[in-house]
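Which chain is which? The protein sequence lines are Y and X, in order.
Quick note on this note's numbering: the first sequence kicks off at 10 and runs consecutively.
Quick note on this note's numbering: the second sequence kicks off at 147 and runs consecutively.
Bear in mind the hints are in silico, worked out from the structure with no lab data behind them.
For every residue, glycine included, the Cβ atom is placed at its ideal position computed from N, Cα and C.
One thing to keep in mind: the hints can contain errors.
Reference listing, derived: stretches of chain X covered by chain Y, where coverage requires no fewer than 3 residues with Cβ under 8 angstroms from a Cβ of chain Y [unchecked claim]:
#1 283-293
#2 344-358
#3 438-450
#4 493-501
Each chain, written out:
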Amino acid sequence: MNSMHHSAIVILLLSNAVKAGTILLFPTIGEIFTERAGILNLGIEGMMLIGAFSGFMVSYITHNPYLGFMAGVLSGGIASLIHAFISITLRGNQIVSGLALTIFGAGFTTFYGQKWINMNLDVAPQNIQLPLLSKIPFVGTILFNQDIIVYSSYALVAVAWFILYKTTIGMNLRAVGENAKAANAMGINVYKTRYIWTFFGGLMAGAGGAYLTISYAPFWLDGITAGRGWIAIALVIFAMWDPLKAIFGAYLFGSINALQFQLQAQGTTIPSAILNMLPYLVTFIVIVLSSIIVKTKHIQPPKELGVPYSREEK
Amino acid sequence: MKRVVSIILVVTALIFAMDYTSNAKDAKLKAAFLYVGPHNDGGWSQSHNEGRLYLQKHMPDVETAYSETVPEGAPCEKIIRDYIHKGYNVIFGTSFGFMDSMYNVAKDYPDVKFEHCSGYKSRKNMGTYFGRMYQADYLAGLVAGMTTKSNYIGFVAPFPIPEVIREIDSFALGAQEVNPKVTVHVIWTNSWFNPIKERSASETFIANGADIIASGCDSPASIEGAKKAHIYAIGYDRDIHSKFPKTVLTSRVWHWGTFYTKVMQEIKNKTWTSAPYWGGLKDGIISLGKFGDNVPVNIKKYVAKKQKEIEEGKFKVFAGPIYNQQGKLMVKKGDELSDSKKLSLQWFVKGVVGTIPNN
Chain Y
10 MNSMHHSAIV ILLLSNAVKA GTILLFPTIG EIFTERAGIL NLGIEGMMLI
60 GAFSGFMVSY ITHNPYLGFM AGVLSGGIAS LIHAFISITL RGNQIVSGLA
110 LTIFGAGFTT FYGQKWINMN LDVAPQNIQL PLLSKIPFVG TILFNQDIIV
160 YSSYALVAVA WFILYKTTIG MNLRAVGENA KAANAMGINV YKTRYIWTFF
210 GGLMAGAGGA YLTISYAPFW LDGITAGRGW IAIALVIFAM WDPLKAIFGA
260 YLFGSINALQ FQLQAQGTTI PSAILNMLPY LVTFIVIVLS SIIVKTKHIQ
310 PPKELGVPYS REEK
Chain X
147 MKRVVSIILV VTALIFAMDY TSNAKDAKLK AAFLYVGPHN DGGWSQSHNE
197 GRLYLQKHMP DVETAYSETV PEGAPCEKII RDYIHKGYNV IFGTSFGFMD
247 SMYNVAKDYP DVKFEHCSGY KSRKNMGTYF GRMYQADYLA GLVAGMTTKS
297 NYIGFVAPFP IPEVIREIDS FALGAQEVNP KVTVHVIWTN SWFNPIKERS
347 ASETFIANGA DIIASGCDSP ASIEGAKKAH IYAIGYDRDI HSKFPKTVLT
397 SRVWHWGTFY TKVMQEIKNK TWTSAPYWGG LKDGIISLGK FGDNVPVNIK
447 KYVAKKQKEI EEGKFKVFAG PIYNQQGKLM VKKGDELSDS KKLSLQWFVK
497 GVVGTIPNN
C-alpha cells in the first residue's frame, strides 16, 4: 500500500471521526454550561434519545433534515425541563432525577419508536466545501468538507467559550454554580439562571441525538445512542468544564470509534470484542487521568454542583 | 338446597367435559414464532416473518403469533412458557441464542413441538432446521470476484461463530475461484442488528478501497453505505434488488415459508419427526436474489451454470483443495469437508483478511 493511498484512508477516517465526535460535542458543551450553573444533569442519555427520535421522525415526515434537527434540539430542551423542575423548583435529588430522565427517555423512545425502526431517511445534510479553508492540506479536507450542522458546532464552541469567560452572562452563571447565595446577594436570579442553562443543556443533548439519527446513522433504533450520553458526562470532566477542551475530547472519542473498525479491516489480531469495548475503556481511563490532573492542578468543579438552592434559607 | 347444589355440580361437570372434548376435538394448531430482532428489521427477522405470513396464507387453519426482539438467553424461556400456557403447541425459535431455553422448556412439554433454527440441540419433540446458505454465498462470491476492480471486498460480519464463518469462507472460495487476487476483509460488529456499526464498518471498508460490500448482519445499513459511495453490495436475508437496483449485485435470500408450511403439514398429518433439516438450493429454502441492473450476461450465465452443478450435486463448495489463511492445506484434493465439520467451522480460508477470536 503506497503512502498516498494511506493518507487518503486517514483523511477519510478522520473526517468520519469528526462526524462521530460532533454527536458528543453538542451534549458536552451543553452539560458544561448546566454544571457551571450548579446543576448536575445525568439525564443526557435520555435527552439524546428523545432528540434522536423526534429529530428522525420530523425529518422523515417533512423530508427536511434541518427542520428535523431543530425538532430534535427543541425536544431535548423540553425533556430537560423535567429535570429543571425537580432539581430547581422542588430541590429534589439531582442524581436520582437525572437517572430517572435517562430511563424515561429510553422507555419513551423505545415505545413510540417501534414502527420507525428500519425506515430510511432519503434526505441528509450534504457536505459543503468551504472555500479556501478546505484547500488547506490534510486538515482542510477533514474539518472543512462537512455539513452545516458540523460547522455550527465549531461556531458553538467559539461562542460558548466567549460567553462563559468574556461576558456578564457567563460570569453570572459561573457565580451561581460557585456560590448561589453570594450570586443572589449580587442581584442574580439563581432560579432563572439555573433554569436557562439546564434548558440549554437539554437543547444541546437533543442536538447530539438528532445529529446521530439524521446524519450519522441515518436510522432510528432503540437505544441508538449506546451510552454516548454517559461518555459526554465523562467528557465534561475531561474538558475540566472548558468548552475549548471539549472539542479535543469529543474528536478523540470520534477517532477511537473509527479506529476500532480500521484495525479490524487491516486484519489485526486484537479480538473484536475488545475493540468494540475501546470507547468505554478509554472513558474509564480518561476519567481516572483527568481526576488526577484536576486534583494536582487544583482545578475545581463548580463548587455548588448538585447542591439545591433555596432563597428562604439564611 | 341439596338439589340446587347437585344441579350446579352437574352443570359444572358438563362444562368441564364439554371444554375438554372441544379441546380434544379441535386440537387446533397454534404456532408461535420468536424473532431476535424487530419483525420489520429489513433482514433476518423480517425474512422469518414473511415465512410466517406465507404459512398463514397456505394453511389458514393454523393460528400464528410472534414475539419480536426476544433476548437471547434466560428471559426467552419465560416467553416460550407463556405461549404454551396460552395454548400454543408449536414453537419456532429463529435465532441460535434461543437454543438452551427451548431445550429446557421442550423437556417439560413433550406434547409441544419445537423447531429451532441454526442450533445443534434436539429432543424427540425438538428439531433443528437451517439452510445451506453457503451455496448461495459461494455463488455471490463468484459474482463479486468477477466484478471487483480493486480486488478489495469488505464483509460486515456479526459474530465469529461457525454459521457466519461458513458464510465468509464460502463467499471467499467463490471470489477466489474466479479471481485469485481478491481479498475479503472482515469486520465483526458483535451484534446481529446494529445499523450504526454496520454502516461504520461499511464506510471503513470504502475508505480502504473496497468496491464491493457484503454483509452477514441483519440490517441493510452497510448497503446504504455502499449506495452512498456509488459502489456495489451483496444483499443478505431478503432480496433487496427492488430497494437498491443499481447498488446490489445479487442477494443471498432465505425462503422460510416453504419450510414452515412443510413442518405444519407434517404435524397436522402426524408424520413430523425431530430429524434435523438442512436444505439447500435445490430445496428452495435459499436462493440467489435478482441480479443487479449492472451485472453483465456472461456473469449471470456462469453463475447459472455453477448453480445447476450445485443443485445436481456435481459440484461441492467445500471440496478440496482448500487452504486456510496461513496457506496450510485443510481439505485435500478429492475430499470434501463433512457436514459436521462445516457446522463447527472455526477457520478462515485463503484470501480472507480478518481474525477469529481465540484462535
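Evaluated hints:
no.	hint	in the structure
1	283-293	violated (count 0)
2	344-358	holds (count 10)
3	438-450	violated (count 0)
4	493-501	holds (count 3)
Violation of the numbered hints given earlier is confined to hints 1 and 3; the remaining hints are satisfied by the structure.
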